[in-house]
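Going by the numbering used here, the sequence shown opens with residue 6, and the numbers climb by one from there.
Accuracy of the hints is not assured; some may be wrong.
To be verified - DSS-like cross-link-like pairs, simulated, lysine-lysine; straight-line CA separation at most 27 angstroms:
| # | residue 1 | residue 2 |
| --- | --- | --- |
| 1 | LYS84 | LYS9 |
| 2 | LYS9 | LYS82 |
| 3 | LYS84 | LYS7 |
| 4 | LYS12 | LYS82 |
| 5 | LYS84 | LYS12 |
| 6 | LYS82 | LYS7 |
Derived by calculation from the structure, the hints in this document are not laboratory data.
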Amino acid sequence: MKNKIIKTILSILLLSVSPILVLAGFGTLYILFQMIRGFSFPDGLDSFINFINSLVPYFSYLTSIPIIMVLFMILIKYKNKLFVGFTTIS
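Required output: the full structure, derived from the provided sequences and hints.
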């Protein structure tokens, strides 16, 4: 019982932290790419901030992606239980 509770709490934490980690990784790569192209670190950081600000109108769509992933994982996990009634042949 404790194992399931801990696993659920860790899953929720992973879902809440993972977009931040992905954004941090993407930001690091983006700034490094800008520095390779010859920009200074502050210029690369400003460019990344401007890129993030350009995504503001799409945040409602981007935040729905983790929800869709969770629903898809639940559907895969309980596929047999959900569709048992639909698979019977009369």
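Taking the numbered hints from earlier one at a time, note which ones the structure violates and give those numbers from smallest to largest.
Result: no hint breaks.
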